[in-house]
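With the hints as a guide, bring the two chains together.
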Amino acid sequence: MLVDWFTVGAQLLNFLILVWLMKRFLYQPVLHAIDERERRIAAELADADARKAEALRRSEELQRKTADLDQRRDALLAQAVTQAQTERQRLLDEARAATTDWSNQRRDALRSQERDLRAEIRRRTQQEVWAVARKTLADLADSSLEDRLAETFLDRLGRLSDDAKRSLAEALQHGSDPALVRSAFELAPDRRAAIQRAVEQTVSGKVRLRFETVPELISGIELVANGQKLAWTVGDYLTSLASAADDLLVPAGAAKDAASGVEGA
Amino acid sequence: MHLSPDEVVFWRYGWLTINATIAYTWALMALLAVGSLLITRNLSTGIERSRWQNFLEIVVSGIVKQIEEVGLRRPRAYLGFLGTLFLFIAAANLCTVIPGYEPPTGSLSTTLALALCVFVAVPLFGIEEQGLRGYLRSYLEPTVIMLPFNVISELSRTLALAVRLFGNMMSGAMILAILLTITPFLFPIVMTLLGLLTGMVQAYIFSILAAVYIAAATQVSEPKLAPHPEAEP
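Here the protein sequences line up with chains A and B, keeping their order. With the first sequence counted from 1, adding 193 to any position gets you our numbering. No gaps in the numbering here: position 27 of the second sequence is 22 in our numbering, and each next residue is one more.
Isolated chain B, as found in the complex (with noise of 0.2 Å):
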């Protein structure tokens, strides 16, 4: 049994190893990537449309709805960026219901690289929003006392995204597991049903958080004078 799909080596040459999690996450990139193009292959710009023309301008424009909700101005923006999270792990979390797959989203390694990606996209966004001192000037709001809690603030959210996302899908693969070798029928089922929901919530809390980040770094002199309408009474 194994925690982690980086376990599962497929090939190695010296340093150079692909594992499961790497292997499935290009599957699953292939997947969007070949999938989307299909689709998009034939768009129709009238009020006729298919199914899956239809299927994935909901998607869109949900993803853009969500973004703009959060507080984001420009949320198309930012939508290469928090659309492709969302969609890559509710897709490696929706897979699980193939049988012998290993989500990516399982390891720690991708979970990180993704929370790291974050790391990196909040403060880029910050300083394209309001400028490089304008963005490190927000580390010292409210005072300057606060610099070191900001800092630690900041490093503590990106480990805890990867945390809380391998650990929820870590955990579900591992009962999953457990339970198959507890009682093999029925209750398995329901559990992957429960998991499927709990990859979904987790797919769209790590990128409505990630927004959220993205959004107290790009608006962070702008809740004063401008507060969001859904805190209004």
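Chain A extracted, bound-state conformation (with noise of 0.2 Å):
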């Protein structure tokens, strides 16, 4: 007989006890294990992507904190061209004002200068216009300058007309203080005399004089009274002189003035 119901029994038990302890010893370890591991590739997988979201996350954040720099270092440079050219404008105009205010005083000093220099002119003009007048008198006459000067004086007294002499003659009366009579040289006291005398007979009345020796005065004489003033020097014609040396002089200056202009700009 090929069945053996025993064998059948035994090998249906063996079969069930196989399965119990395939069940123990294979298919559930090896299942958990290959859970396990689908549960940690799952797991890493879902950290990669978790990961690669914040890299993409940073990289965008990142790409904006460029853009923002970019955009405030553009700023910034725009910012700082804008105050460069300010302060370069400043400085112009500060480095004009400046040239202008050199430019300025040059002329100013160019004009004091030029003021002193006519002045300069002017008095050794007079000193050797008197000189050469003094010795040119003295060499022609036998009478000093002075005494020229002092008769000049007194023939320009005698020749006033009558409203300046009647001026004169209140003047000199009405004053409390006596006349002044100025000269640039130490009147002789026979001129003194002259003069007293002289002014006197004018006015037709005594008359007090104080004599006064001013070199300023440049050969030359004066009488002051009481505000009233009667005078001959020699700088009348020093002046129209100097008037003259002027005329001569103002084109040099001008052409000066206009030199330092261009030096200034």
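The hints are simulated quantities; they were obtained by calculation from the structure and are not laboratory data. Keep in mind that the hints are not guaranteed to be accurate.
The following residues of chain A were derived to be distant from chain B, with all beta-carbon distances above 10 Å [what the hints assert, rightly or not]: (1) Q204; (2) K216; (3) D309; (4) K399.
Output of the computed footprint for chain A on chain B, the stretches with three or more beta carbons under 8 Å from beta carbons of chain A [what the hints assert, rightly or not]: (5) 27 to 33; (6) 36 to 43; (7) 46 to 57; (8) 61 to 70; (9) 84 to 93.
Heads up, the beta-carbon is just placed ideally off N, CA and C, and yes, glycines get one too.
See the structure below:
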């Protein structure tokens, strides 16, 4: 007989035991390991996805920050350029103003020098003229220049108009102080007496005179009484001479001004 | 010459008999259990794992995939039964390369025992899946007239399972024995190799048929609603 029923039963039991053994020692551990691995891989993938998303987010943030920085840099650069231009303009303006000031100062200094020069020329001219006139008069006549000046003054006094004489007389008589006679040189006593006489004769009355020497008058005599003044000096001629010299100097001065203006620019 | 390893008796005490079938079955059980125990003792859950673990994972996941492809929705619930069927038959048949070994599957008692296991397991899984009433109703499908034919079909396929495996394995062993007497060299080796292939095919066929029967019992009302993907053009 091919079928042994005891063996069938035994094999049935054996198979059931084997099923249990396989479940216990093979399927459960292996499936558990597979599941665990899949879970771990899934977790790692999820983690990788999360990291990728995080990296992407950071990358975008970085790009945005970079763009912001670029924008801010450009803005700062533009601001710096504007400030530099403003500063440049301000410095240029300051430089121009300083140049203008310096130019003005230089022009003023030149004008002052010119004035001083003119005064010096005038003074020297007066002195020279005075010296030449003195020498000439001394050579040509026997009287000194002072004598000629005193005579000229007396002559002028004598040729005053009536109105002038009247007003001079009023001034001399109403003044409380003695009338002042100023001369560039010391008058000799006889000259003083001649002038005293001439004045008294002119105003027809007694007059008190006080004599004073003032070198700045430059070869001249003047009578000052209570606001009235009668004078004759070489200074008048010299003033005329100075005007002529000024006329000669003005074109040169104008040319200097123009030159200094070019330098200042 | 034995027609069945049942006839090789090692020990007998009254009706209690330890024959070659039972002894080799125990040896195979020990081999499978101890082998599994040794390999699964230090399983790795990481990416790095041993070759033996890899082998076992391939075997187990392959069986699960096959069960799934048959159409069972919860393959892991049937893995214990169907997987053990396959592994036992495959191991029993592969060991035929060992000289002096008699495959237990070459005994009709063993194949009948396995077929009886399938015969009992199919209705049990069917009842578990769709309830007693639902399972019994499947015998009345498509009409009541089909009830006797369904019952006969159930019995005959169990018998067919048992005889198919027994016939193949017994014939393989018989052919080998006969060839050894006629041409002792070379040709029996080729036949042994062919026998290994046949053994693996039989293990596959037995387990797949069991899976198909279980699938038919558990999903009797579903095919119309959800046809199998492979059936589509």
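Hints versus structure:
no.: 1; hint: Q204; result: 4 Å, violated
no.: 2; hint: K216; result: 4 Å, violated
no.: 3; hint: D309; result: 108 Å, holds
no.: 4; hint: K399; result: 149 Å, holds
no.: 5; hint: 27 to 33; result: holds (count 4)
no.: 6; hint: 36 to 43; result: holds (count 5)
no.: 7; hint: 46 to 57; result: holds (count 5)
no.: 8; hint: 61 to 70; result: violated (count 0)
no.: 9; hint: 84 to 93; result: violated (count 0)
Hint violations for this structure: numbers 1, 2, 8, 9, all remaining hints satisfied.
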